[in-house]
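> Below are the chains, spelled out letter by letter.
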Amino acid sequence: MADGELLIRNGVVYDPINGVNGEKKDICIRDGKVVESVTNPKVIDAEGRVVMPGGVDIHAHIAGGKVNAGRIMRPEDERKGVEPKTKVCRAQSGYSVPNTFATGYRYARMGYTFVMEAAMPPLAARHTHEEMVDIPILDNAAMPLIDNNWMTMEYVKSGDTDLLAAYIAWMIKATKGYGVKVVNPGGTEAWGWAKNCDLNDAVPYFDVTPAEIIKGLAEATEKFEMPHSIHVHGNMLGHPGNYEMTKDTYDVVKGIKPYRDRPTMHATHTQFHSYGGTTWGNFESKAGAIADYINKNDHVSIDLGSVILGDTTTMTADGPMEYSLYQITGRKWTNHDVELETGTGITPFLYSGKVSVHTIQWAIGQELALLVKDPWKIALTTDHPNAGPFIGYPIIISHLMSKKRRDESAESMHKAIFDRAELPSVDREYDLNEIAIITRGMAAKTLGLHEHGKGHLGVGADADVAIYDMSPEEKDAGKIQKAFLNTKYTIKAGEIVVKDGEVVAAPPGRTIFVTPECDDKLMDEMLVTLKDKFAKYYSVTFNNYPVQDAYLPNPYEIKAPWRSS
Amino acid sequence: MVEVTDVVCSLCGCVCDDIVVEVENNEIVKVKRGACSVGKSKLLGHERIKSPAIRENGELRECSYDEAIKKAAEILYKSRRPLLYGWSSTVCEADKVGVELTEDLGAVMDNTASVCHGPSVLAINDVGLPSCTLGEVKNRADLVIYWGANPSQAHANHMKRYSYVSKGYWTAEGKKGKKMVVVDVRKTMTTKMADVFVQIKQGYDYPVFSALRAILRGHEDVVPDEVGGVPKEQLLEVANMVKESKFMMTFFGMGVTHTGARHNNIVNAIQFTRAAHLHTKANIMPLRGHYNVAGINQVCTWETGFPFAIDMSRGYAWYNPGEQSATDLLYRADCDAAMIIASDPGAHFPGESLKHLAKIPVIQIDPYANPTTEFADVVIPAAVSGIEAEGNVYRMDNIPIRLRKILDTDYLPDEEILERILTEIRAMREKEGE
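Quick mapping for you: the protein sequence lines, in order, are chains B and A. First residue of the first sequence: 1, per this note's numbering; consecutive thereafter. First residue of the second sequence: 1001, per this note's numbering; consecutive thereafter.
Everything labelled a hint here was simulated from the structure, so no lab data went into it. Just so we're clear, the structure is a prediction, and the values are computed from it rather than from any experiment. All clues given are correct.
List of simulated lysine-lysine pairs, PhoX-like, C-alpha gap at most 25 Å:
id	chain 1	residue 1	chain 2	residue 2
1	A	K1032	B	K536
2	A	K1246	A	K1160
3	A	K1078	B	K85
4	B	K533	A	K1175
The task is simple: from the sequences and hints, build the whole structure.
Right, dumping it as structure tokens:
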């Protein structure tokens, strides 16, 4: 429960959604919300310290079947992060795939209070929800995969956008999901036969192309007042030379009008999609070309997928990509294709600064952040745990804020960074306002969560606050990194959950879900086709499929009405 | 009379969810369709533990839930190293309380996978698992391999719902369009249905997997004329079937996990699948036994990081199967009390391990009496999950399905019994701390 009234006094506040850029001001809190004034508050003295809204992560893999398959496959990773239980905290395990409890505590210690689980296989949605409920402190939501679904491809082929919209509505409701996730559209279905698809290849047996799937899903999504656009992991992730296809993917949704002032597509973990060259031998950064596209266009937002050096566990619904990666490394490999819907691949990976390709990948993520001019188009992510675990965010922040730090790192890495990447020649340094944008403001706005109290500190906002133990004048990259790893205070819904870097309370978070509202007649027509799929092809019944209310003990619903025109 | 549809079976890892029953006067009077004979028998109900009971002078004395729960809490609270074992025939909600109880006590928690597909889990720890959901098999598979398993009798609906006999999108003709290979040491009801029955010598699974791997990787010249009792021609025939298939699926059972090289058999089975994947789409899946043994592995993993044999005595999870697995712990007499829930070590553990279990205080939580009841010191009857209590379970392909509550009961669900034990223990600790 919230601690009644709180007053955060004299902090230097960065609240970019409300245009507050490093102003010394007080934050008043009552009953879990930011208010105008308080009468008898507990006072937190934030004199001279950096104050931001709770962090919002737009894309991470923290809960569900593939995360847990990663844990089962990697006892060696679980051993890395063990911490005994305390009076407040449950026992912790894991580094790149931490257990659910550690996930909540570690995000909260970095000042984060909301995380979007980026890929929920619809048939296994109950699993994602079971784990999300076990992640303390954080509010979260999850995006169901709706792109390789047979229903989707059939409606895209027949051009029935309204019926596709009805299917999307049913799916998001049935999975208690947040929006439409796209992962290697068509390619994951093809992976059911050990094949893959380019953007313009026909999907085997379904006779549609990935480009048509993306366009159809974007059009169908915009039939509703959806808080978030389609969220796209495009085709050919991680392949040398894929940057042209990445730009072609962005072009697919150009001209589709979003329901409000947000992009029509969020393109995720863009680092993995900004590759030049034709082989791993002549692999090079094309972050500049991608940044140029983003600078010139407003219909696409991106997140970084920035690399953290070291060992991690890669996991995605992009089954063929994980297979390629496992073929390169020969390490462990788990695959889990999901009937009529999607797939899963998992394999461990070591990013080494001694390897040219990894070094260039490491540079690309940061180049994207520094070469895209408007930070409102970018969110900081590592596509946790794909490019590295979320616990590495402070490392990226310190690099973005310090050219000196970047130069020091580059010196110790493979020399390819000097001729096949741009990073060493980029002088830009982020300020704290820009950091606040890419770690909370942009993500909240792009997800539409700023209208539901996330990512800002205006009156009426959720009282989610991070107080970092650093002066706004701090230039030392090491000190910046340390401050962003463990807050002085994290406040969640008005309750102090972290103090001096230690978790002092671990209340349950909420599950946020969207309910797209669709005409009954349209829904009934769609259901005839869907029920036939269940009768003939699914291995569970139609009635046992939807996620029951029992899986969301602390629900928060956002309605998405059908747009009249 | 009321007809209830979409009933989910809480018997084996198939978790069939399309069962139709008739209910009259709070009793299932008829199973109309969907269930196999074993599932049907469970749904229709049989002899239950009637009352909570505490053993006194060698005899079980009936008592109230309050008294039994208090006694159970006392035993666990006084224990220096308790073992909490079972967990596979109950729902994830109960399993989660089990993990919390384990943490609270600094206990060892192990589940029935330990004596079942534990070797499969160890193999997955080692190399991962290329797999898929059962609906994928139903819709795509044109080659099904059962290895060391007899689903006709152990998972009676498996072939019909999910594999050889089922009909799906690219398999509309059912078994007519498919091939089935069965590998076993003896003839069974399943081997009779096979297109190819590969009869291997007991304990020779590992070299037979190796021979197939060699052929699939283009090294048939190194394979001798006979491997594990199987002629080379038959190995070439099977490898050829793999190469010509579009989608092959291997299911394996206890015949592979508990013979010869044990978990190394499964590593090799997975490596065989990887080799097959160079020619076709190839997946592999353990045929899990209890309806939620996959679920307890899932819950333990997301809550502690590890799937079974978890020692919480350090305050964090320590995983070393072979040391903290239940049979080994008991064999070394390294625990001084045990709580057995939703399982029956009395019937399934090795004798040497049972000797110690019979000596220490044992709490049993179960709807049904079984050999473990014969030496349990506290017996707490539970509602039957899937009939009298709802909750989440994971099918053998890790697909979560919610069990339904069909009948009312006065028996407490597992989750509530465990929560009350935990509350009692915390109250005792608080009292002592005063």
